[in-house]
Amino acid sequence: MKKLVVAATIGSLALVTAGCGEKQPVTVYKQGQYQGKPDGRPWENDQFKGDKTAWEKSIKARNGGQNENTRATN
Amino acid sequence: MARMKFLCDAERCIECNGCVTACKNEHEVPWGVNRRRVVTLNDGLPGEKSISVACMHCSDAPCMAVCPVDCFYKTSEGVVLHDKDLCIGCGYCFYACPFGAPQFPQDGAFGMRGKMDKCTFCAGGPEADGSPEEFKKYGRNRLSEGKLPACAEMCSTKALLGGDADVVADIYRNRVLKRGKGAEVWGWGTAYGKPEKGATPPAGAKS
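The listed protein sequences correspond, in order, to chains V and C.
Here the working numbering is used: the first residue of the first sequence is 1, the next is one more, and so on.
Here the working numbering is used: the first residue of the second sequence is 1, the next is one more, and so on.
Treat the hints with caution; some may be incorrect.
What the hints assert, rightly or not - Subject to a maximum C-alpha distance of 30 Å in a straight line, what follows is the list of computed DSSO-like cross-link-like pairs (lysine-lysine):
| hint | chain 1 | residue 1 | chain 2 | residue 2 |
| --- | --- | --- | --- | --- |
| 1 | V | K37 | C | K115 |
| 2 | C | K74 | C | K137 |
| 3 | C | K24 | V | K57 |
| 4 | C | K158 | C | K181 |
| 5 | C | K24 | V | K37 |
| 6 | C | K74 | V | K52 |
| 7 | V | K52 | C | K84 |
| 8 | V | K60 | C | K115 |
| 9 | V | K52 | C | K147 |
| 10 | V | K37 | C | K84 |
Simulated from the structure, these hints should not be mistaken for lab results.
Using the sequences and the accompanying hints, generate a full structural model.
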């Protein structure tokens with residue numbers, strides 16, 4: 001009888017705690033490490049010679065050029 | 001510098017395929033590989049809409065997540081690029097991409113699938129900027145020349161905008177508010193509803 005009670009207790013405990021070991025149903029994406037060659041920055045070349053500000057200025061000017069509303073007044 | 005993004009205004013796109021031609025010409029893309037294409041919905045019916053589609057350079061790119069050889073990387077400008085020397089042409093990225101951006105040249109025997117090719121936002125690849133090797137594998141690197149993608153700069157109606165996401169969103173927001181149509185759609189406030197001092201929301205605007 002005692003064995004039965006112990007077995008039942010262990011069984012019920014296992015049932016109760018079963019949910020605790022459940023894994024998250026949503027996969028947590030861990031970004032893999034890039035395995036290829038390293039790439040340089042777009043301003044690290046002969047044209048811009050590492051001048052990030054000059055590169056950003058050039059991109060900003062081109063970006064603004066896409067807005068015909070402001071382009072007409074310039 | 002924020003993230004580089006494309007935005008296509010379906011109200012303006014006239015399906016001229018100028019962006020597709022510009023891309024093909026700029027990078028000398030082989031036959032059968034379409035880094036950019038124009039998709040038309042309800043073609044031939046009144047009110048048809050066209051949109052230019054290429055790699056959207058996702059902030060959390062699914063192609064990067066599924067690549068078994070980890071050949072993808074993201075530049076500091078938010079451009080998703082890959083190393084063709086590592087690519088094994090498995091096609092997982094094609095299945096993962098919601099835009100069908102990855103392309104596979106099939107010029108080998110028995111329809112063999114080559115290494116993946118996709119829009120680079122005219123930013124080349126991991127080879128030296130402007131080198132012949134980079135051009136052969138990835139096409140021209142306009143970004144390192146201080147220029148924006150050829151497709152966006154070539155667009156005659158300026159339907160396709162490319163560049164710094166904040167600037168592009170600003171251009172589009174002002175355009176929609178000026179023409180008085182488009183701000184009523186669901187999600188407009190979330191995407192473009194920049195709170196401005198003293199500004200009143202457009203009529204019928206929803207968040």
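Unsatisfied constraints (hint numbers, rising): As far as the earlier hints go, only 8 is violated by this structure.
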